[in-house]
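Q: Sequence:
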Amino acid sequence: GEEYQFEKAMKNNEMRALLSMEAGIHPVFIDCPNLRLWEMKPYVLLAERLGYVIHVIEPWEICAKHDDLPFLCSLHDDDEQRAPATLLQAMLRRFQPLPAAAEPTEAIRRASSSGARHFLR
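For the sequence shown, our numbering begins at 1 and goes up steadily by one.
In case anyone wonders, no lab produced these hints; they're calculated from the structure.
There's no promise every hint is true.
[What the hints assert, rightly or not] FRET-style restraints, in silico, Cβ to Cβ:
(1) CYS63 / PRO84: 14 to 22 Å
(2) ALA101 / LYS11: 30 to 38 Å
(3) PHE6 / ASP77: 19 to 27 Å
(4) GLU7 / ALA111: 14 to 22 Å
(5) GLU48 / ASP78: 37 to 45 Å
(6) ASP31 / ALA111: 17 to 25 Å
Positions of the beta carbon are idealized from the N, C-alpha and C atoms, including for glycine.
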């Protein structure tokens, strides 16, 4: 199969979010890894600009095995564009949970990307 292209997937996801929000679709679910707070920032800023109410959901609220590498790999056994186990392991190590005491969108707004590329502005 074709090698997974993370940057292309990120750009496509951001563009889908932009088109959905500009079209006024409610609700819009952002299905993207967003491992670091700054990775959520363009979505939060766009949603605020377009008047959306924002709910940030932690991975363990969706799946108790969110950090179980063998389980995650098994979910995509038949998927030709699956992310390799080494990439998934790196993503698990990079995950940054939301600060317990902070309001999620405020913590995300303050997050610094240190040179990261986003396509939404």
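Q: Hints first: check each against the structure and report whether it holds.
A: Hints, verified against the model:
Hint check: CYS63 to PRO84, Cβ distance near 20 Å, so the stated range 14 to 22 Å holds. A C-beta distance of roughly 33 Å is found between ALA101 and LYS11, which places it inside the suggested range of 30 to 38 Å. In this structure the supplied range 19 to 27 Å holds for PHE6 paired with ASP77, their Cβ-Cβ distance being about 20 Å. About 19 Å separates the C-beta atoms of GLU7 and ALA111, a value consistent with the hinted range of 14 to 22 Å.
A C-beta distance of roughly 39 Å is found between GLU48 and ASP78, which places it inside the suggested range of 37 to 45 Å. Separation of ASP31 from ALA111 is about 20 Å and conforms to the stated range, judged on CB atoms against 17 to 25 Å.
Comparing the model with each numbered hint stated earlier shows that all of them hold.
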